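Model the full assembly from the supplied sequences, consistent with the hints where possible.
Residue-level listing of the chains:
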Amino acid sequence: MIATQSSSFAAATVKCPIAGIGTLRADADQLVKLRRQPGVRAGKPFSPAFLKHADDQTVAAVAVVAQTIAKQGWDDRSFRDWGVVAAPILFGRFGNEAALRRFVSEGAWGISPHMIPHHSLHAVAGTISQAWQIHGPNFGISGGPGAAAEAFLVAATMVSENNLPGLWLVLTGFDPEYIPEKGAGKPTQPTTCLAAALALTPDNPSAGLPSLRVGCETQHQDDPHSSDFSLRALVNHLECKGNDGHGQWRMPGGVDFDWQIEAETQR
Amino acid sequence: MSGSDVCITGVGAATPLGHAYRTIADNLLAGRSGVRRITAFPVDDHPSQVAGVVAEIPSPVSIAAADFAALPKIDQLALWCCATALEDAGWWKNRAVVRVGIVLGTAADWSALWETDGLRGGTQIYEPQQHLESVVHRTRRRLQLSGPGVSVSAACASGNYALALARRWLRMGWVDVCLAGGCDMAVTPMTVAGFGNLRALSRRNDDPAAASRPFDADRDGFVVGEGGAMFVLEPMASARKRSARIYAKVAGCGASSDAFHMVIPSSDPQPAIAAVRQALVDARVDPADVDYVNAHATSTAVGDVAEAKVLETIFESSIERIPVSSTKSMTGHLLTGAAAVEALACIIAMDQQAAPPTINLDHPDPECNLCHVPHQAQQRAIRTTISNSFGFGGSNTCLVLQAA
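Residue numbers (my numbering), protein chains in the order written: chain A, 1 to 267; chain B, 1 to 404.
Source of the hints: derived by calculation from the structure; they are not laboratory data.
Here the structure is a predicted model, which is why all the values come from computation and not from measurement.
All C-beta atoms, glycine included, are put in the ideal place defined by N, C-alpha and C.
Worth double-checking, as some hints may not be accurate.
[Unchecked claim] Derived lysine to aspartate or glutamate pairs resembling DMTMM-like cross-links, with alpha carbons at most 25 Å apart:
hint, chain 1, residue 1, chain 2, residue 2
1, A, 182, B, 127
2, A, 182, B, 117
3, A, 52, A, 177
4, A, 44, B, 268
5, A, 52, A, 27
6, B, 309, A, 177
7, A, 186, B, 268
8, A, 182, B, 133
9, A, 182, A, 27
10, A, 186, B, 117
[To be verified] Negatives, chain B to chain A, calculated, CB over 10 Å:
hint, residue
11, 18
12, 23
13, 36
14, 70
15, 71
16, 242
17, 289
18, 301
19, 309
20, 312
21, 363
22, 378
23, 379
24, 404
[Claimed, not checked] Distance windows between CB atoms, simulated:
hint, chain 1, residue 1, chain 2, residue 2, range
25, A, 44, B, 270, 15 to 25 Å
26, B, 301, A, 81, 28 to 38 Å
27, A, 73, B, 242, 51 to 61 Å
28, B, 241, A, 182, 54 to 64 Å
29, A, 81, B, 217, 50 to 60 Å
Put into structure tokens, the structure is as follows:
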């Protein structure tokens, strides 16, 4: 990790290598399959029950981490002391809709005991931690539409501490937005669950890896609703191999968020 | 004093024990219970019918009472805590001239919105919501703050993560001043039902004030609560320069994960031990020098015993003399708001030089062989405190606060 004073930012800019990148796009049918088998860990398949009660975004998050690990050839790698930061968008909507209907018709008895553990904001990061025996910090970010941008700020904060060997930054959300059809157990229109996983490794800044740079400019106070950061834009970029990417997006409330993925760190 | 030291200069809270610092301190040290029978909604078919409930949240002076009353409860709570913390710190009138960030521990932002609206017959869960702001950004906008805002969720450990991130933002220079803490208005029909059906809650419905009994052999589950606390953090040097009241130094933070189960604490105490050790090392504090431990202890058999083992390992023979209490015995378990309110309990302990009690501790569980503070507060010299907060998803956190 390198924390520098950048000319374009009033305060420290965090730059760290990205050791692995993965993306996933899963429609409803694919999510059903991924729920039973999201991939492998340490060369072995997951128990089919591991994600039985999980939200669809948790399913996608576990699958994208599994795919990233497989792609990097890290099956035997230990992530024991890593951290996990997960930022789902409008998390738990499907489960909440079903729970709401059951509560209205059946009362307190109708609420599943799995509702709170698996459909609250901590659930995605907690499940990833459990899946790969990650004993570093794990927590969820935001849960709202601005989740992805908030997650980058928090991930940069975490890696800047320099006390973790790595950090999984996992972003998930539906595109288009998942809007449940009342009582139907499905969305009003077909939707795709997007997921991105970045394996940030602050301890290895000169290995020729792509890097992530995050800065934070706080001088803007214009449109309070302005936010052009989108998970779709990020996934599109990450899937466009070979191209450097950068952008300055605005978080809700007027905080500029600068990100840059460079092909190499030594420039 | 180090140049990177960060301290707390403002406090804002709303809890089952009150919404003013003085009131909360008085009630906490008097051993009063804030647990009541739930009256906000019908509970006859709920297994657990008691909770630590916040009385009406007052409107901060900056917001018209009628406008405030129309806001969702979680917005009221966050606004009250943040505005009063800034006022308390002396930053309210000057908040526009510094970059004030906000890190809010919260878990039920959207699900609470969907539940509240849905149970009133609304249809928000069936409507597009990509354009909506989270509570942290609504709060940030209403208070006209210019720094970044994020919300974090590690269930009951959220508030400690918020304080750790805020301290880091100050050290990185991303903010000049930062609000941090946790807020939760979880006493809702579906949340109480969910925890009840998980068989996590006390069913001592006929005696609400006696229902939350951490470390007691007769405990039968935790009592859900609501409320929160937000703190103003700023560099120690700038706080001293402007002669601000310094409540405490944020001396150390530690975090780990069980990686074991989404609900049940690990039978292996090592991950939780690691979090506490990390916080003490970060604070450069020897375990023997800790003067008070605010335990996570929720009043569940598995959790209380697991934490007692952690404390016995960390403190070795010193555990016989370091007072340990669980203020959840009075507030109930404030979930995402718990860590922040328990940090406040540590501040009160240092301020008043008294360890708050664990009420209802009539028959200490022999497997929790600690230096308890049963029933009544104990006057003690307290300069260094730790607060444990563990959460669903396997999160373990520890916060070290020290008198400045």
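Status of each hint after checking the structure:
Distance hint between residue 182 (chain A) and residue 127 (chain B) is fulfilled; the C-alpha atoms sit about 11 Å from each other, no more than 25 Å. Taken as a hint, the residue 182 (chain A) and residue 117 (chain B) pair is honoured in the structure, with Cα atoms around 15 Å apart against an allowance of 25 Å. Only pairs whose Cα atoms come within 25 Å are accepted, and residue 52 (chain A) paired with residue 177 (chain A) is accepted, the gap being roughly 23 Å. Taking the CA atoms of residue 44 (chain A) and residue 268 (chain B), the gap is about 24 Å. The hint holds against a cut of 25 Å.
Only pairs whose Cα atoms come within 25 Å are accepted, and residue 52 (chain A) paired with residue 27 (chain A) is accepted, the gap being roughly 18 Å. Of the supplied pair hints, the one linking residue 309 (chain B) and residue 177 (chain A) is violated, its CA atoms being roughly 46 Å apart against a limit of 25 Å. Proximity of residue 186 (chain A) to residue 268 (chain B) is assessed by CA-CA distance (about 40 Å); at most 25 Å being required, the pair is judged violated. A distance of roughly 24 Å separates the Cα atoms of residue 182 (chain A) and residue 133 (chain B); the hinted pair therefore holds under the 25 Å criterion.
The hinted pair formed by residue 182 (chain A) and residue 27 (chain A) meets the criterion: a straight-line CA distance of about 20 Å does not exceed 25 Å. The straight-line distance between the Cα atoms of residue 186 (chain A) and residue 117 (chain B) is roughly 20 Å, inside the 25 Å bound, and the hint therefore holds. The Cβ of residue 18 (chain B) sits about 27 Å from the closest Cβ of chain A, beyond the 10 Å cut-off, so the non-interface label holds. For residue 23 (chain B), the condition that its CB be more than 10 Å from all CB atoms of chain A holds, with the nearest at approximately 30 Å.
No beta-carbon of chain A comes within 10 Å of the beta-carbon of residue 36 (chain B); the shortest separation is about 18 Å. Here residue 70 (chain B) stays apart from chain A, with its beta-carbon at least about 19 Å from theirs, past the 10 Å limit. Separation of residue 71 (chain B) from chain A is adequate, the least Cβ-Cβ distance of about 16 Å exceeding the 10 Å criterion. At the 10 Å boundary, the C-beta of residue 242 (chain B) stays outside the reach of chain A, the nearest C-beta of that chain being 21 Å off.
No beta-carbon of chain A is positioned within 10 Å of the beta-carbon of residue 289 (chain B); the least distance is around 22 Å. Listed as a non-interface residue, residue 301 (chain B) keeps its Cβ farther than 10 Å from every Cβ of chain A; the least gap is roughly 18 Å. No Cβ of chain A comes within 10 Å of the Cβ of residue 309 (chain B); the nearest lies about 17 Å off, and the non-interface call holds. For residue 312 (chain B), the condition that its CB be more than 10 Å from all CB atoms of chain A holds, with the nearest at approximately 21 Å.
At roughly 29 Å from the closest C-beta of chain A, the C-beta of residue 363 (chain B) stays outside 10 Å, upholding its exclusion from the interface. Every beta carbon of chain A lies more than 10 Å from that of residue 378 (chain B), the smallest distance being close to 33 Å; the non-interface claim holds. Every Cβ of chain A is farther than 10 Å from the Cβ of residue 379 (chain B); the closest lies at roughly 36 Å, confirming the non-interface assignment. The claim that residue 404 (chain B) is not at the interface with chain A holds, since no C-beta of that chain comes within 10 Å of its own (minimum 23 Å).
Roughly 24 Å separates the CB atoms of residue 44 (chain A) and residue 270 (chain B), a value that falls within the hinted 15 to 25 Å. Between residue 301 (chain B) and residue 81 (chain A) the CB atoms are about 31 Å apart, so this pair conforms to the stated range of 28 to 38 Å. The hint said 51 to 61 Å for the Cβ distance between residue 73 (chain A) and residue 242 (chain B), and at roughly 55 Å that hint holds. Taking the beta carbon of each, residue 241 (chain B) and residue 182 (chain A) are about 58 Å apart, inside 54 to 64 Å as hinted.
The supplied range of 50 to 60 Å is broken by residue 81 (chain A) and residue 217 (chain B), whose beta-carbon atoms lie about 37 Å from each other.
Of the numbered hints listed earlier, those contradicted by the structure are 6, 7, 29.
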